[in-house]
Amino acid sequence: MLEFFRSSAVRVALAFVLVTTAATTAIFGLVYFQIGEANEARNRLILETEAATSVNRSVDELRTAFEVRLTNDLRRIDYAALFDADHKFMFGNVDALPAIPVDGKSHFIAAAHVPGSVDRLEPAIFVVRQRPDGTVMLLGRSLLETLAYGRIVQRALVAGLAPMLLLALGIGAYFARRSSRRLTAIHDTIARIMKGDTDLRLPIGSGRDPIDKISRDVNLMLDEIVRLLVQLKGVGDNIAHDLRSPLAVVHAQLERGLESSSDEQLRSVVKQALAHIDKATLTVAALLRLADVEYGPKSRNFQQIDLSAICADLFEFYEPLAESKSIKMTLETQSPVQILGDSDLMREAVSNLIGNAIKFTPENGTVSISVIREDGLPVVRVRDSGIGVEPGERDKIFQRFYRTSSGHRVPGSGLGLSIAAAIANLHELDLRFTDNNPGAVFEMVGRRR
Amino acid sequence: MANDPEKHVQTILLVEDETEMATEILAELETRGYLVRHASIAEAADAARVGAAAMMIMDRIVFGEDSLVTLEALRKEGVKVPVLVISALSSVDEKVKGLKAGGDDYLTKPFAMVELAARVEAMLRRLVDVRTTKLRVGDLEMDLIEKTVHRGDAKIDLLPREFRLLEYFLRHPGRVITRAMLLQEVWQYHFSLETNVVDVHISNLRKKIDNKGVPSLIVNIRGAGFMLNANA
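So the protein lines, in turn, are chains W and P. First residue of the first sequence? That's 1 in the working numbering, and the numbers climb one at a time after it. First residue of the second sequence? That's 1 in the working numbering, and the numbers climb one at a time after it.
To be clear, the hints were calculated from the coordinates, so they are not data collected in a lab. Be careful, since some hints might not be right.
To be verified - These stretches of chain P come out as covered by chain W in the derived footprint (C-beta under 8 Å, 3 or more residues): (1) 180–193; (2) 198–210.
As the list claims (entries may be wrong) - A short list of chain P residues far from chain W (calculated; beta carbon distances all over 12 Å): (3) L89; (4) K109; (5) I221; (6) G223.
C-beta: ideal position from N, C-alpha, C; glycine also.
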């Protein structure tokens, strides 16, 4: 129950009920007050006018008039009486003058004795006026009607408020229960997620209220966090995996070094060990680089870059290497091919593709680079006449560390294509492989939106 | 290299909280004839303010504090000491941050000691660099305005890239220059390569500038990189 009142919906409902009650009561009160006031003012005017006009009537005429008046007064709200000059009762239904001035003006008396009753007291208005013959005339009217109005208003108020209160409380309770049920569900889900059930997501209802909006945002945030967790674990696993074997090798080498009899032998062992450590260091750097590209901040400072210019630059950079292997390298550009991107990253990706092409192409082969727009989409294509990729290995080459069976003798971290693919992905390009019969074609193609 | 007299007057301040790393750096630079002082970041900053340091090697994170904050403050005060930032934070964004904060060079851990030494040399060399229109080593002369190169009386035709590569060597004669430095400074490539392209470029350049029968002007330094033979 306490839980129930803590619910914000219930609190809102209660506050609403309070405010409505206050407002309604105020309106009813005003109506009551206005009616009462108007009624009293009218009665005052009537009494004063009557008292003024009756001044010139004779005592007998008055007596008759009073009798008619009081006989017709079925509601017993009229007061009329005449007193002599000494304020002694002569006739009428009030036996003593009230303690008000004899000035012909109306006066309010909170508790006047009701004629014909023993102890009924009611509020009333009285006018007492001196007549020319010395007698004193009293006229009065009970304000019972006004009181009756008040009671009607009160009853109406209660009759109107009670169902409204119940309704508001009911609706409040309904929403409170509904939202508390949903909040409980969210709370439970969060608890389970915190315990490691990271695949769970917050429940989403019909979809348009604030709780759903927030749930959706939280779910997106969870997706991002899980993605980062997975990548963190992946990077850690990869580094651990790729450090273990070189460490074991270095360990073995150094042990062998300890046993060595000559300085010459020791030096050679140390050199080998150093080479292994250098390679491991390079791999770690490449892994971190890959993680940086793949999972780094998505909002990089992308600018308009020209793929043609980047490829021309790299072509010039790699040309001497190709020449040294007597590889014929060609460049076909259709300047400029602009995309939104990071030129440093793009250079790195294309550099990987060209470097690979030269690396895996034997002497006297060809490597051709083309930058074009095909169907409006940017394409960077690196075609070589090298060893190509075996059909069975084609879907694995983009995996981390994968070295093709034929490429095993060529040095490399095995991460170049992964990095290139990650960079391509960042630029909304797809890195694809196709066969060149013989050789390989690697192309980065813009995605159709 | 230890006999270079100009090095002995230059104090290098080293800010590094990892004792083993600091010991290695001290040993490496001292064998190369530098005077190195291992200092806390506050000491280093004070020394830099009074001009008592030729350059500073600064670890990016010292005892959990980002030393770039101090570096930025120093730069705001107008302290111009060259600073080499070394850090395990290797992403491009971190490098950019390091350079923006006022670092003159950024080297990521782990690095080879020769790489560090080469950067230090280049940085100290930068100080004595003068605005010049002609660079000369032995009988090799480069005219930076005419964009021409002569070896003795013979004019050597170089491609623009070859010209820039040679210019870099001529600006750092007798200094070890690593492949990474060349990639970064000559080609503005900020990534590592798995191919020996740089070696091919050097070998092409050698073919153009060297005379037959005499040792090459650009020598290989095993495990480090290259050096332009200043005494040729």
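Broken hints, numbered, in rising order? 3, 4 and 6
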